[in-house]
Amino acid sequence: MIALFVILIPLAFAVVTGLTGTRRSLAVLFGLVSTLATFALALFLPGSSGVSVPWIPGFGATFTLQPGGAGVVLTLVAALTMIPTVLVAARRVERAPGVFVALLLVMQAGLAGVFLAGDLILFYVAWEVTLIPSLLLLGMFGRDKRRAAVLKYLVYAIGGSFLMLISILAIKPLSGAASYRFADLMAATPHLAGATQVWLFVGLAIGMAVKLPMWPLHSWLIDFNEQNHPSGAADVAGTLYKVGAFGFFAWAMPLLPIGVERVGPVLLALAVVTALYGALAATAQTDIKRLLAYASLSHMGIVGVGIFGLHLAGLNGAIFLLAAQMLSTGGLFLISGMLYERRHSFDLDKFGGLAKSAPALSALSLFVLFTAIGVPGLANFPGEFLSLLGTYQQHPWLAALATLSVIAAGVYGVNFFQRLYQGEEREPTREIGALETFALIPLIAGILWLGLSPAPQLQRIQEQSKLIAAPTATAEAPAPPPAALAVQAGPGALADALGGSR
Amino acid sequence: MSFPPAIDIHWANFAPELTLLITAAITTLFALFQRDGRSSAWLAMVGAVVAGAFNANLWVMHATSGAGSSFGLRFLADTPGLALNFVILLGTLLAVLVSYDYLKRSDLDQPEYYPLILFSATGAMIMAGAGDLITLLLGLEIMSLPVYVLSAWRMGARQSEEAGMKYFLLGAFGSAILIYGAALTYGATGSFVYADIVAALSATGFAAPLLATLGGALVLAGLGFKAAIAPFHQWAPDVYTGAPTSVTTFMSVVVKTAAFAALIRIAATIYPSMEPWLLTTLAVLVGLTLVIGNLAALLQTGVKRMLAYSAVAHAGYLGLAVLAGPDGVRAVAWYLAAYTLMNVGAFAVLMQVSDANDRGDDLERFAGLGKRRPALAFAMTLFMLSLGGIPPLAGFAGKILVFQAAISAGYVALAVIGILTSVVALVYYFRVITYMYFREPEYELAGFRSSAAAFAIGIAAVGTVLFGLFPGWWYGLLGTGQHLLAHM
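One line per chain: the protein sequences are A and B, in this order. Counting from 1, one number per residue, gives the positions in the first sequence under my numbering. Counting from 503, one number per residue, gives the positions in the second sequence under my numbering.
The hints are simulated quantities; they were obtained by calculation from the structure and are not laboratory data. Every clue listed holds true.
Pairs of lysine to aspartate or glutamate residues, derived as DMTMM-like cross-links and limited to a Cα-Cα distance of at most 25 Å, are as follows:
(1) K145/A to E942/B
(2) K152/A to E942/B
(3) K152/A to E866/B
Partner residues are not named here, just some residues of chain A that face chain B (Cβ under 7 Å, in silico):
(4) W55
(5) G58
(6) F59
(7) V125
(8) E128
(9) I158
(10) G159
(11) F162
(12) L165
(13) I166
(14) A170
(15) P173
Here a beta-carbon is modelled for each residue, glycine too, at the ideal position from N, C-alpha and C.
Could you build all of it, start to finish, from the sequences and the hints given here?
Quick look at the structure:
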């Protein structure tokens, strides 16, 4: 039941907040109450019961929410990230902040729906529901060239998701599953013939690869981030939009094991290209938002590497990185908004030497940046490390190539920091304000929480990873004893997660 | 087998049609004395509601005691027929509501308008209940003649007169083809009644399969005109654009419902026993409709014409379920209900934005609507997204039902075409939203506000959302009672 309220609360508040229109104080109030309440509830999600009622009887669709391990972690971290995002949005958006916050809340409800859905049709519905507010945020509040960006985003997203819909519609009649519930599908779809699985998987994969995003279907992302509202709030919402990788992990891969086996290597190679391409492109950017967009793309490439390596540790790491990246990239986008406030530009050349007059802002930025480039002890590190290490077990060369992107991340990260905060100071700037500090505190707390104690979350994720990694392990090698698959909580968890799968 | 002692007229089975007919007659007489059209509108609405009550009564009766028929099996009151009666009445009611203030504003307020709408709806309901090719033809003509007149309702305006003339000529042509098809079918099987045709076709040693199938194909072509299936759709964009928008609203939902009601009944009973090339032909036409409708809509800059082509495209989506035959009946009926709500809504919003003479329907008119009329813009957003098939709105549930029907019937490639063209569709539907929210106003709005139309838009918007969120109840209702009596 908690899962239902995690969706309904933001939805209800979205309606109320949408009606407040231009009244800023109400937007702040409703936005904060909603996100805080949702986060508080989401803390009780792990282990909570699901909901399942019939929905479209003749068609086999049910309204089923099934909080699974990975979905719970992602919902929780997204709920945490949403708190500062609505605060910043409600304070910074010039006209109709209520509408902006309302769209963010609809987005949050949709995301919770995607992460918690236990029925494939419901998953698809939530997937599309999330698209509309992100389109409207871009179109209504974006910058000058937003219309072209909207069209590009729309065509990519709809093209991808409608192809996905073909596979979704076909998967039940073809497999003869009793309904679209995950458990019912899982009982039937893995037995489908190989060729059928392949084309079903390809249909799903195109839709999910667009959202991941994966090279060469990524180009909407850059314009999307560049043209969104300069506060960065809409970009954070975009960063929370992890439905592509999650879709692969929670639906496409467990349901269609033969499809994964045959198509997976191609996707793995594309993920490596994505990681490298994103990182290299990021080093060449002079626009803050474009740089962050490419960096984010590179991270998603590493997530892909972790997922398509089909190794238990890699899968755990990839989903963990997904959650961590919400905090780190989200934080960087919020910081980009703060920088824009000061210089009214995203051009890196307009900055320099900010550290002299704003040392606190500089320190906090460095902290978040360190997270993003994978410094140990902070949130991204366990995810990146496990993703690469897991895949290294089976595809050492590809994993090694992908690791180069982590080195490149160090380059663009340090370069980014230097050009912003170090060097000659052009003009004094404002030190970090109260609102900005409040906005970064939850994110930094989250980064430390995930970074210092990753084991509990990894363990939750592993409940679902086993569905993908276990069949491959048993097919190629003698089945490992069940005890070895379980990750023990505690300091040794990382090592266990690594050693456990084979 | 002995002959029945007398013709079995079961008056109760066509009480809804009769109610509408009587109301139409009263309204016509009433118009002699009361020249204000609005009182006729009230009469018409009362008539439609009473007909709805009779229809509901029939539904309850038949849910318990099995479906009814009159005149042998020539007129049927089974679940699909009754369900589509509801859809037709809903469309009629909404069309009357949106006409209420519109006619006055456009200086078209003649009291004969509403009886013509009712006559046409009567014909539509007869088509939905037809279990016989002659009944079908009668219903078709009763439905069509008033609509020809209504299309040319804007006297003196070339566009409107052209629309009426064009519709009349092509409609007559379509009817002639239908009659020829009926004649060929009769020649081959010796009967007009669907049940007897099926019996004759499936009898061993049946001699004239080609003749019968040709008849079936011509019937398909005739109905294809009314349903606006390519390549018989060519009248639709011009007539939809030229006719007064309130009439377009009525045509796009009620006439379409009636055409598909007749088509699905024939496709579910007769076609499966005919030669397979007939269904293959229909499949090709459906694919063509999907592609032509959606691509042409993409090229339009006028919203009215865009909606006209979108209506053609939706004929294609409905066609997907028609192909599934008996298994597609529920999907067709479900889709038509959802389509009626969202399409009436879209046209009603258009009426509030365009000029009194129906000009000025281009996209620029919608610029900045989100700021000026937020409620209206929000409703339009719902209708556009629903027509585009975005969940959780009615159009999405409708689409997955028809796609599912097509996939189950083995038309996977066609379903894929349907989904790919939906991507195109979303671009032109979303363009309206783009203008409403992402651009600054460019024109002064005409400032037309109608509480009757606002009420209709409200019903349509709430219905679009509720049908989308709870698709189960209507789908469940469609599964009750006895199906397709003609099949026995």
